[in-house]
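Since the structure of chain A is already known, use the hints to place chain B on it.
Those sequence lines, one after another, are chains A and B.
If you're matching positions, the first sequence starts at 1 in our numbering and goes up one per residue.
If you're matching positions, the second sequence starts at 1001 in our numbering and goes up one per residue.
In case anyone wonders, no lab produced these hints; they're calculated from the structure.
Take the hints with a grain of salt, since some may be wrong.
[Said to hold, decoys possible] Listed next, with one range per pair, are the computed distances between beta-carbon atoms:
id: 1; chain 1: A; residue 1: P227; chain 2: B; residue 2: R1291; range: 20 to 28 Å
id: 2; chain 1: A; residue 1: L43; chain 2: B; residue 2: A1068; range: 45 to 53 Å
id: 3; chain 1: B; residue 1: S1083; chain 2: A; residue 2: I29; range: 33 to 41 Å
id: 4; chain 1: B; residue 1: L1267; chain 2: A; residue 2: I29; range: 48 to 56 Å
id: 5; chain 1: A; residue 1: W3; chain 2: B; residue 2: N1055; range: 45 to 53 Å
id: 6; chain 1: B; residue 1: Y1110; chain 2: A; residue 2: I108; range: 40 to 48 Å
id: 7; chain 1: A; residue 1: I108; chain 2: B; residue 2: R1291; range: 35 to 43 Å
id: 8; chain 1: B; residue 1: M1290; chain 2: A; residue 2: G99; range: 48 to 56 Å
id: 9; chain 1: A; residue 1: R183; chain 2: B; residue 2: Y1110; range: 32 to 40 Å
id: 10; chain 1: A; residue 1: W3; chain 2: B; residue 2: P1109; range: 39 to 47 Å
id: 11; chain 1: B; residue 1: S1058; chain 2: A; residue 2: K230; range: 53 to 61 Å
id: 12; chain 1: A; residue 1: G25; chain 2: B; residue 2: A1178; range: 50 to 58 Å
id: 13; chain 1: B; residue 1: A1178; chain 2: A; residue 2: I108; range: 54 to 62 Å
id: 14; chain 1: B; residue 1: L1267; chain 2: A; residue 2: L197; range: 33 to 41 Å
[What the hints assert, rightly or not] If you want the footprint, here are the derived chain B segments under chain A, 3+ residues with CB under 8 Å:
id: 15; stretch: 1087-1093
id: 16; stretch: 1096-1109
id: 17; stretch: 1225-1237
id: 18; stretch: 1277-1287
Don't be surprised by glycine CBs; every beta carbon is placed ideally from N, CA and C.
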Amino acid sequence: MVWLSPVIATVLTCLVAVIVFLVSGVDPITALKTLFVAPVADLYGVGELLIKAAPLVLIGIGLSVGFRAGVWNIGGEGQLILGVIFGGWLALNFGSVGGYWLMPLMMIAGALGGAFWAAIPALLRTRFNANEILVSLMLNYVAALWLSYLVFGPWRDPAGFNFPQSEPLAQAALLPIIIEGTRAHAGIFIALVAVLLGLFVLERGFAGFQLRVTGLSANSARYAGFPVNKAVWIGLLAGGTAAGIAGVGEISGPLGQIFPTASPGYGYAAIVAAFLGRLHPVGILFAGLLMALLYLGGDYAQILGLPSSIGGLFQGLLLFFLLTVDVLIKFRLRIEGPRVPVAGEAS
Amino acid sequence: MPDLMAVLLATLVAGTPLVYAALGELVTERAGVLNLGVEGMMVVGAVIGFIVMLNTNSLMLAMGAAAASGAVLGFGFSVLAVSLMANQIAVGLALTIFATSLGSYLGRPYVGMALVLEPSAIMQLAGEIPLLGLVLGGLHPLVWLSWVLFGGVWFFLYRTRAGLILRAIGEAPESAHAIGYPVIRIRYLATMFGAAMAGIAGAFVSVIYTSLWTEGLIAGRGWIAVALVVFATWRPGRCVAGAYLFGGVTIAQLFAQGAWAAVPSELMSALPYLATIVVLVLISRDAARMRLSVPASLGKPFST
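Just chain A, with the same shape it has in the complex (with noise of 0.2 Å):
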């Protein structure tokens, strides 16, 4: 049962989008089809889904790893920025002279930087008990003004017309296109490794189990012995070093140079995707192609002359929903008339 709740909630955005577009004055077929099929209609189009699809299943997992254990990281958006932040850096100063170590050391700088930045919020909620959610979201803020600096800054490409853009990244920090024709690049398979790690690490290991029972309830885990703060530490740095490496996947993959916005709000639109696919890394899989359709289906939005916000629209709806239909499966809802508290009764 707990599977079908996501495919009502698929069911429910749809019928919500519907009404959308009659109330928009667009025909609503005509919509939905231009808006979820006409972009994965050819192998350009599914390529395109793939490059949208991997960054999000791979900060799915990682903080997947981190809502099991009840630590609630909202900072992959930030995360994902010290990727771009931290593998940018080594492209521009060594992209010239790399050679095949280049892509490798990148990674493991992204990956480096957005456990960083999740080790702050892990630090401030272990050693001062400070709230992680409201720690690691604002350090989202504060990563992306970083990142506007560098390439407002220092980072601003000379020849490119005064544009807040980095020069193009060199070819050695660039990510192998796997399917001709499209724009699918390598990142790709690191999303699939990261499902199967995560296949293997949380839901048949030892660790996956600790981490669920802490997320239960904390004082068992206590009970059991199960370190707790561990628990926080490897839940965030799980979706940090995730996140990391995605920003790096997103300069060395379709952007190919460095943006100030390097991220269309993969770090939050990765926590529905987290959800969505109930925390397994197989549901997370299904969970991102569909929220990165949703992406695409808002940039082919403005065909219709609707925004292209609309995707974000939808994929917040669709959380929404699963929420909604998770209560209504799980429970039975009763239906009470009001209760008249009778004089005496309640002594």
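Relative to chain A, chain B alone:
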């Protein structure tokens, strides 16, 4: 050296949206509901308020519409989090993701447009008052109204029976229910009140503070408001003081950008967020005191 009076007035104006949003969230949390959707409600409030102001040129209508749109979102939050007992953190995040996109969807045709506000008659009238006029005349009536809101919230929470019931529901909903108080209904009302205040806070930013709408206008103010409630250890007075402290940080950052051109403006812009983290750490460090001040049932669903 900027005029001290100007800095003071600017600080009050910059802090006002936080006063509205944080006082609203404080009431919500005192009833035991943790609403993390404030940021999203502020975004929608900002867009709706801006659109209504642009079309009707009536501040009352704009603020009313912003409050109403917030309350509608608050009702949606309550259906899920209070009635259906879904995880409050997850619902709040979903609301913020949804409402942020909704805001940019609705506001798309209005990006870059600016409002021309006429100096209100009330402000001119207030300027005539001897002594006080100097301060009041320079401030928007909505700034004074935020002080009225503070007084109202304080009086309600600590001096009325209804406020006592609301606080009791945040601490021990089972006991409150046992004596016959409608826990669910009061939680709905508290959440919708907080959401309406978040809507007004958003509209204050778009209509009065900047008088324009762009994407990313709210820029985390809603989250800072949620953090403020923690800094304030759930007390209204400290909430207002904290809001003005942050207003001061925002204004200091603006003046510093003019004064020291050498310091990157991005570093200055990051100050409010960094300050939030620092203060959050300082307050949360004392775990024992936190446990004493936080409403005991905050974030826990209640079922009969």
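For each hint, the structure was consulted:
The given range of 20 to 28 Å is respected by P227(A) and R1291(B), whose C-beta atoms sit roughly 21 Å from each other. As the Cβ distance of L43(A) to A1068(B) is approximately 48 Å, the hint placing it in 45 to 53 Å holds. Taking 33 to 41 Å as the suggested C-beta distance range, the pair S1083(B) and I29(A) conforms, at roughly 35 Å. Distance hint check for L1267(B) and I29(A): the Cβ-Cβ separation is about 51 Å, which falls inside the suggested range of 48 to 56 Å.
For the pair W3(A) and N1055(B), the supplied restraint of 45 to 53 Å holds, since their beta-carbon distance comes to about 46 Å. Remark: the range hint 40 to 48 Å for Y1110(B) to I108(A) is upheld by a beta-carbon distance near 45 Å. About 41 Å separates the C-beta atoms of I108(A) and R1291(B), a value consistent with the hinted range of 35 to 43 Å. Between M1290(B) and G99(A) the CB atoms are about 53 Å apart, so this pair conforms to the stated range of 48 to 56 Å.
R183(A) and Y1110(B) have their C-beta atoms about 34 Å apart, which keeps the hinted 32 to 40 Å range intact. Taking the beta carbon of each, W3(A) and P1109(B) are about 40 Å apart, inside 39 to 47 Å as hinted. Our hint of 53 to 61 Å for S1058(B) and K230(A) holds, since their Cβ atoms are close to 57 Å apart. Hint check: G25(A) to A1178(B), Cβ distance near 54 Å, so the stated range 50 to 58 Å holds.
The beta-carbon spacing between A1178(B) and I108(A), approximately 58 Å, falls within the hinted interval of 54 to 62 Å. Distance hint for L1267(B) and L197(A): a CB-CB separation of about 37 Å, consistent with the stated range 33 to 41 Å. Counting residues of the stretch 1087-1093 of chain B whose beta carbon lies closer than 8 Å to any beta carbon of chain A gives 5, which reaches the threshold of three, so the coverage claim holds. Residues of the stretch 1096-1109 of chain B lying with their CB closer than 8 Å to a CB of chain A number 9, which satisfies the three-residue condition for coverage.
For the stretch 1225-1237 of chain B, the stated coverage by chain A holds: 3 residues have a C-beta nearer than 8 Å to a C-beta of that chain, and at least 3 were required. With a cut-off of 8 Å between beta carbons, the stretch 1277-1287 of chain B has 6 residues touching chain A; three or more are needed, and the interface restraint holds.
Figure legend: structure checked against the earlier numbered hints; every hint is met.
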